[in-house]
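Novice: Each chain, letter by letter, is given below.
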Amino acid sequence: MIEVKRTPAPGAARGTWRTFRETVRGLLTTFGRFTEHPVTVQYPEEKTPVYPRFRGRHKLHRFEDTGLEKCVGCSLCAAACPADCIRVVAAENTPSNRVSAGERYAAVYEINLSRCIFCGYCEVACPFDAITMGHDYELSDYDRSDLIFTKEMLLAEPLERTPLRNEGE
Amino acid sequence: MTTIAIVGYYEAWWVQILKAIVIFAVGLQLVPVVLIAERKLLGRFQSRYGPNRVGPYGALQPLADILKLLTKEQFRPTSSIGFLFAFAPLISILTAVAAFAIIPFGNVQHIFGERVGLYGVDVSVGPLYLFAFGAIAFYGIMIGGWSSGSKYSFLGAMRGAAQLISYEVSQGLALVGVIFTAQTLSLTGIVTAQKGMWYIVPQFFGFLIFLTASFAETNRAPFDLTEADAELVGGYNTEYGGGRFASYYFAEYLNVLVVSGIVTTVFLGGWLMPFGIHPPGWVDPFVVLFKMSLFTFLFIWVRATLPRLRYDQLMSFGWKVLLPLATLNALVTAVLVVVTH
Numbered sequence: 001m002i003e004v005k006r007t008p009a010p011g012a013a014r015g016t017w018r019t020f021r022e023t024v025r026g027l028l029t030t031f032g033r034f035t036e037h038p039v040t041v042q043y044p045e046e047k048t049p050v051y052p053r054f055r056g057r058h059k060l061h062r063f064e065d066t067g068l069e070k071c072v073g074c075s076l077c078a079a080a081c082p083a084d085c086i087r088v089v090a091a092e093n094t095p096s097n098r099v100s101a102g103e104r105y106a107a108v109y110e111i112n113l114s115r116c117i118f119c120g121y122c123e124v125a126c127p128f129d130a131i132t133m134g135h136d137y138e139l140s141d142y143d144r145s146d147l148i149f150t151k152e153m154l155l156a157e158p159l160e161r162t163p164l165r166n167e168g169e
Numbered sequence: 001m002t003t004i005a006i007v008g009y010y011e012a013w014w015v016q017i018l019k020a021i022v023i024f025a026v027g028l029q030l031v032p033v034v035l036i037a038e039r040k041l042l043g044r045f046q047s048r049y050g051p052n053r054v055g056p057y058g059a060l061q062p063l064a065d066i067l068k069l070l071t072k073e074q075f076r077p078t079s080s081i082g083f084l085f086a087f088a089p090l091i092s093i094l095t096a097v098a099a100f101a102i103i104p105f106g107n108v109q110h111i112f113g114e115r116v117g118l119y120g121v122d123v124s125v126g127p128l129y130l131f132a133f134g135a136i137a138f139y140g141i142m143i144g145g146w147s148s149g150s151k152y153s154f155l156g157a158m159r160g161a162a163q164l165i166s167y168e169v170s171q172g173l174a175l176v177g178v179i180f181t182a183q184t185l186s187l188t189g190i191v192t193a194q195k196g197m198w199y200i201v202p203q204f205f206g207f208l209i210f211l212t213a214s215f216a217e218t219n220r221a222p223f224d225l226t227e228a229d230a231e232l233v234g235g236y237n238t239e240y241g242g243g244r245f246a247s248y249y250f251a252e253y254l255n256v257l258v259v260s261g262i263v264t265t266v267f268l269g270g271w272l273m274p275f276g277i278h279p280p281g282w283v284d285p286f287v288v289l290f291k292m293s294l295f296t297f298l299f300i301w302v303r304a305t306l307p308r309l310r311y312d313q314l315m316s317f318g319w320k321v322l323l324p325l326a327t328l329n330a331l332v333t334a335v336l337v338v339v340t341h
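Top line first, the protein sequences correspond to chains W and Y. Just so you know, we're using the numbering used here here: the first sequence kicks off at 1 and counts up by one. Just so you know, we're using the numbering used here here: the second sequence kicks off at 1 and counts up by one.
No wet-lab data here; the hints were simulated from the structure. Predicted model only: the values in this text are computed from it and were never measured. From the three backbone atoms N, C-alpha and C, an ideal C-beta is built for every residue, glycine too. A couple of the hints might just be wrong.
So the derived list for chain W, only partly shown, Cβ under 10 Å to chain Y, looks like this [stated by the list, open to error]:
| id | residue |
| --- | --- |
| 1 | 27 |
| 2 | 34 |
| 3 | 35 |
| 4 | 38 |
Using the sequences plus the hints, can you model the full thing?
Specialist: Rendered as structure tokens:
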């Protein structure tokens, strides 16, 4: 709570003294900042750490033991997406070509990250925890079409470029 | 022919040329140092780093800045007056450099078997010389702003003119106290008169008044009404770019150095060290430079702290507060000098 101090009406001697005193107080305040270490984060070299629940770029997951994709191509994420940025085209698994653990798999899985609002509803909607929000926030590119991430890109082990903030930090 | 001013000490002509070159070489190199110091310190005052990309710790930033400005195209608005537009920054920089000449960096030394005074020139009318060039410097701002043919430049120049005239009075009166006490107008004389005690102690109010007026004289925050980026775009130098802007910029920082030097000389005992320490003569310039850097730091510190005054506040402060105080200071000093002598 900031206490608002009403200054008295400017007077000759008292007003001058008050101005002088406040000037000195201001000088001491800025000198206090001078003695502290700067708060600037030198961005490209050091990155702002994110919290564990930070919603960054999506990741698709595989089962660790079998290596099969968790996504079964149900399109619930696409239905939940308020920005309509997910496109899923499902296909049947065959014994010779088994991609996912379920009956079907996502033949095409695209997220248009230039549209995504990072709300995390896809993560909530997914019944198999196949899609989660990652920590990567460096998502600029020279071309809009480069921001449409395909299934391979989302499945790939992401370069962990973002430092994680510890609990309570 | 009547004598206008007596110059304290003449050297041989070649010594004069040599020391002029040395003083300018050193003095003008100080400006980029002040530039980078200001930006780095302002950063620190605002809890950030300041420039740190060009060179180690951003040390080459002023070089990059100056190089950028000097390689830019020289252009002027069609409504401007060409000759005056080009001439005005010249006045600013010339007066700043000329004022730098009277700052004494040390007493008379023996170099190469010659007696050399470590200053540009020691005139018997030191403060008058300073105010004369200060008054001409205002033409640099005035002509520059007026000949630009732009309303912002014009307003900035008008403000600058009013401000410089108002504060020069208080600045002069603040020095009058010191001149009474020292009984001399020569700046080296004023320094040697401070052997016993620096004038910051007996003339403390004079010191404060002079310092405050100096902030206005150099158009620095909180009196940077001539620039007032928020309302006047850039003030008198709005229409300037490239080398001409660089010379205005250069003059501003040189003025800061000059004022720091004058305050050092007049109130802080110039090259004298405290507690009666008498170092060898070659230390003197470094003592002066050190004291100057303290004041330059203060200038930057104040810029980081105080907001800009409103125009009417500036005027009422100058005429209603500073001028009466300066007059009172001069008056009391005069009475005390008469009583004690």
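Novice: Indicate, hint by hint, whether the structure satisfies it.
Specialist: Consistency of the hints with the structure:
Because the smallest distance between the Cβ of residue 27 (chain W) and any Cβ of chain Y comes to about 5 Å, under 10 Å, the interface hint for this residue holds. Below 10 Å, beta-carbon pairs count as interface contacts, and residue 34 (chain W) has one with chain Y at about 5 Å; its hint therefore holds. Checking residue 35 (chain W) against chain Y: minimum C-beta separation of about 9 Å stays under 10 Å; hint holds. A distance limit of 10 Å between C-beta atoms decides the matter here; for residue 38 (chain W) the minimum to chain Y is near 5 Å, and the interface restraint holds.
Of the numbered hints given earlier, the model fails none.
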